[in-house]
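*Asks:* If you want the building blocks of each chain, they are given just below.
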Amino acid sequence: MINLVLLTPIVLCIIMFFAKNKNLNNLLINIYAILHLITGLGYFLKPLQLFNNQYFSLNSSNIVFYLILSVIFIAVSIYNCGYSKNLTFSDKKMMHYSVMLLLFVLSMTGSILSNNLGLAWIFIEGTTLASAYLIYFNKTKHSIEAAWKYVFICSIGIALAFVGIILLTVAEGNLNSLNYSDLLNNAESFNHFWLNVSFVFILFGIGTKMGLAPVHFWLPDAHAEAPSPISALLSATLLNCAFLVILNIYKVVVAANCFAYAKIVLFVMGFLSLFITAVFLYHTTNYKRMLAYSSIENMGILAIATALGGIAYYALIIHIIGHSLIKASYFLSSGNILELFETKRIKSTRGLIDVDKKTAWLWIVSFLGICAFPPSLLFISEFLTVKAMLIQKHYILCVLFLFLLTIILYSMAKTVIKMVFGEKSEEKFEIAKKNISKITFSMYAPQIILLTFAFVLGIYMPEVIDIIIKNTFVG
Amino acid sequence: MENGFIILFGLTMLYLSATSRLIAHVKTIIIQGILLFLICSTAFYHLPWYTIAFLTIETLLVKAILIPLFLNKVLKKTHSNRDTDANIAHFYCLLISSIILFGGFMLSVIEIPSLSMINPFCFGIALAVIIISLWLITIKHKILSNVIEFITMENGIFLLSLSVAKEMPMLVNIGVLLDVFIAIYILGLFVSEINTELGDMEVAHLSDLKDCEYND
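Listed in order, the protein sequences are those of chains A and B. Read in order, the letters of the first sequence correspond to residues 22 to 496 in this note's numbering. Read in order, the letters of the second sequence correspond to residues -10 to 205 in this note's numbering.
Everything labelled a hint here was simulated from the structure, so no lab data went into it. Please read these numbers as outputs of a predicted model, since none were measured by experiment. Worth double-checking, as some hints may not be accurate.
Stated by the list, open to error - Simulated pairs of lysine to any residue, SDA-like, Cα-Cα distance not exceeding 25 Å: (1) A:160 <-> B:59; (2) A:113 <-> A:235; (3) B:66 <-> B:85; (4) B:62 <-> A:335; (5) A:43 <-> A:102; (6) A:162 <-> B:130; (7) A:162 <-> B:192; (8) B:199 <-> A:364; (9) A:114 <-> A:458; (10) A:408 <-> A:304; (11) A:284 <-> A:304; (12) A:162 <-> B:16; (13) B:199 <-> A:304; (14) B:199 <-> A:235; (15) A:368 <-> A:423; (16) B:199 <-> A:300; (17) B:16 <-> B:77.
To be verified - Derived, one-sided and incomplete: chain B residues facing chain A with beta-carbon distance under 8 Å: (18) -10; (19) -9; (20) 77; (21) 80; (22) 83; (23) 84; (24) 110; (25) 142; (26) 181; (27) 182; (28) 184; (29) 200.
Ideal Cβ placement from N, Cα and C applies to all residues, glycine included.
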């Protein structure tokens, strides 16, 4: 099964390369998305050996991440059917877009499934290669600037992560392996000093990819300039893939019983991410950048929850699920707004409710979801994170956490209300009315499904999902 | 003998920080590639023969020939000659690089018990090279200079991976991927695209995207 998931996109890419047909591209992307999801669901049926080989495995620790990728990929591929019809590029360019999209998903899948740190590193590098082209897809001055920053900053980050891997082999002593299970089983014998140094390098290196402050600079630019389906994938899935690598190494550090230092670094990066978001979100003039900063905030919350441990581990996985579902919907809705108003400026996109009611409500509900308004999944995760802080008597941190979240909530609410209910400019209103026919049903449906999941799971968590969430840290 | 090559490798960074001519930077990359090839072929007899063969051929081919060739092509295409507007004068640049390199040497002399798994000399110099490269990236103004310093940093990381005195062929091989990554992607695609799009190779031109008002 695993080999099928990893090899199919390569075959599909070859078909796309020779066919160069827009409709076929979309069909093949959808087929792969369905196959991806079926494989993920197949995990719940036996036999499990279908999901293991020497280098890749689908197990209790990565199944949540895999399923998130599957669901978001299906949503993006449905949205993409409508979105790509509005693009007036040549068949060849659209073929490049589709091929790179599949390779991007393939490299994310590879990084989630790999049971070896070195292999995960290679796939993370692969995601940079594939997504850089997608960010640069519009070939404007701004998109090349964003893509350049993305490639350059992430390359340095990946190179530093490689230094971390080298230092991890030093910490290992006589063990010659980068396999996660070997690392976990032998963690107690590792040299603590080198393990700590290597964790810091890997955290900063892969943290660059994850968008943790202070190494987040590429993220607002790249998320804002990429086509909206790609922004959704970048924010809702790529950041998770990078986080999974950090999480796996953190598990080793915890198993080695030397996590005090790692905890401090995670706390610092987490709170710094919240602080940077609070400061920059207040002044932002671009709604896609607003969403990008919100991703930085949520990655910060993940870092804080990881550092807290205990009950926060459960909150962490719920937060990943909730953030991915809601943020993907938010970015896809932002794609609708961009299609309508032809601008990313907040000032020029007022009166959305008068232009397109469905997009306006999707925009509002996504905002309520991301701001942890009950019954959003994020409400549960943030509530549990605060509870973990109080249990561990981090009172000052708890106040700081809530204070920064309030500023972020205020900044986002201000922008969303202005955009939806603000006084419209006649000129932009005319343009938007003219573009309304571009928004097809497939550009609303995925967001509705994702948001329904995010809110229903907040009220009722099926036992099977609850079990896989709890097993993520045990496995 | 390998220690001599490693010292020379460290010293090339001083030359890099003291000169502003981009063609001299490319020549330094070639010298670094050859030095790494010599280090690979003389020092690492503990690795199996096929790993050494792969490493030496890859080093010579990619680091000493292909990447400099790419760089040369881009230099000619973009008519870039000098990076004169560095944030710090060359003298101070050289001074700070020398201090970092000295720190690297000192690290290799101090005996630390937990460093027993690695070749301390190689480790110290490699670390110094990585830090100098990262620092140079922050002070240079041309995109091409930044790419060149990224390559020297990657050379430093390659030396670091060789300093781990145990058999980790996979580790070294994935390090090799970094080379191909730079050569094909950053150099081949992006640098020339930026030149076509912006007509210049100054980092300052890549600062349009910000959080205050800008035209999209």
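*Asks:* If a hint holds in the structure, say so; if it doesn't, say that too.
*Replies:* For each hint, the structure was consulted:
no., hint, verdict
1, A:160 <-> B:59, "23 Å, holds"
2, A:113 <-> A:235, "39 Å, violated"
3, B:66 <-> B:85, "33 Å, violated"
4, B:62 <-> A:335, "53 Å, violated"
5, A:43 <-> A:102, "10 Å, holds"
6, A:162 <-> B:130, "19 Å, holds"
7, A:162 <-> B:192, "13 Å, holds"
8, B:199 <-> A:364, "15 Å, holds"
9, A:114 <-> A:458, "24 Å, holds"
10, A:408 <-> A:304, "31 Å, violated"
11, A:284 <-> A:304, "31 Å, violated"
12, A:162 <-> B:16, "32 Å, violated"
13, B:199 <-> A:304, "11 Å, holds"
14, B:199 <-> A:235, "16 Å, holds"
15, A:368 <-> A:423, "29 Å, violated"
16, B:199 <-> A:300, "14 Å, holds"
17, B:16 <-> B:77, "23 Å, holds"
18, -10, "24 Å, violated"
19, -9, "19 Å, violated"
20, 77, "20 Å, violated"
21, 80, "27 Å, violated"
22, 83, "23 Å, violated"
23, 84, "24 Å, violated"
24, 110, "15 Å, violated"
25, 142, "6 Å, holds"
26, 181, "11 Å, violated"
27, 182, "6 Å, holds"
28, 184, "10 Å, violated"
29, 200, "5 Å, holds"
Of the numbered hints stated above, those contradicted by the structure are hints 2, 3, 4, 10, 11, 12, 15, 18, 19, 20, 21, 22, 23, 24, 26 and 28, listed in ascending order.
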